[in-house]
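Last residue of the sequence shown? That's 204 in full-length UniProt numbering, and every number before it is there in order.
Each hint should be verified, as a subset may be incorrect.
[What the hints assert, rightly or not] Pair by pair, the computed Cβ-Cβ distance ranges are:
(1) E94 <-> T33: 20 to 26 Å
(2) D127 <-> T2: 36 to 42 Å
(3) C150 <-> T33: 25 to 31 Å
[Stated by the list, open to error] In the SDA-like style, the derived pairs of lysine to any residue whose C-alpha atoms are separated by at most 25 Å in a straight line are:
(4) K149 <-> V194
(5) K149 <-> A191
(6) K149 <-> H185
(7) K149 <-> E129
(8) K149 <-> Q128
To be clear, the hints were calculated from the coordinates, so they are not data collected in a lab.
Every residue gets a Cβ at the ideal spot worked out from N, C-alpha and C, and that includes glycine.
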Amino acid sequence: MTPSPEELAAQYAQMSETELMELAHSYDGLLETAQAALRAEFARRGLEPPLVQDPEEPEFRHLVTVRRYRDLTEAMVGRSLLESAGISAWIADEHIVRMNWFLSNSVGGMRLQVDEQDEAAALEILDQEVPATITYGEEETYVQPTCPKCGSAEITLGGGTESGRSLVALYVLSVPVPPREAAWHCEACGAEWVDAEDNEPTGA
């Protein structure tokens, strides 16, 4: 859900000058309502907008967006999957969301980007199901959790909305996620369970 102008104004009013300056560096990537709210907040505080420098990427590099994510954890997993396949990938607006997660909607979500020549291969990888195991680094291997009742990988922890890709980030990348209850929920069959050997899943 896109924040209203009033919500954006209230949100920007609570931000520090440093946070506003960081956000202003991504002005072109903001939605029109967010740009208007940001201009109004700068005017209210009498701040001068920062000079936005050109990206430091080589001139010959043309990036294309292959996915948009609301949650940083999902974006990082998508990038990890591409990089494990030898495809260089970047998350646009990552620093904004790290600074203030609630700004994700105002910037239109995080954009996972690759070089134009890698677009087709990246889309093919991202369209695949989450693998059962993922090797991260030289020694760590992550095993994708599945529903003990039906075997589906489409599970969430504590009734959250993230897919199995978010769970990979939680276990492999050690990315902080909002606190939630310990119960798992299967989106496929509705079973619920907790991480304990003596607990059986309950059906919907």
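Against the structure, test the hints numbered earlier, and report the numbers of the ones violated in rising order.
Violated hints: 2 and 3; rest satisfied.
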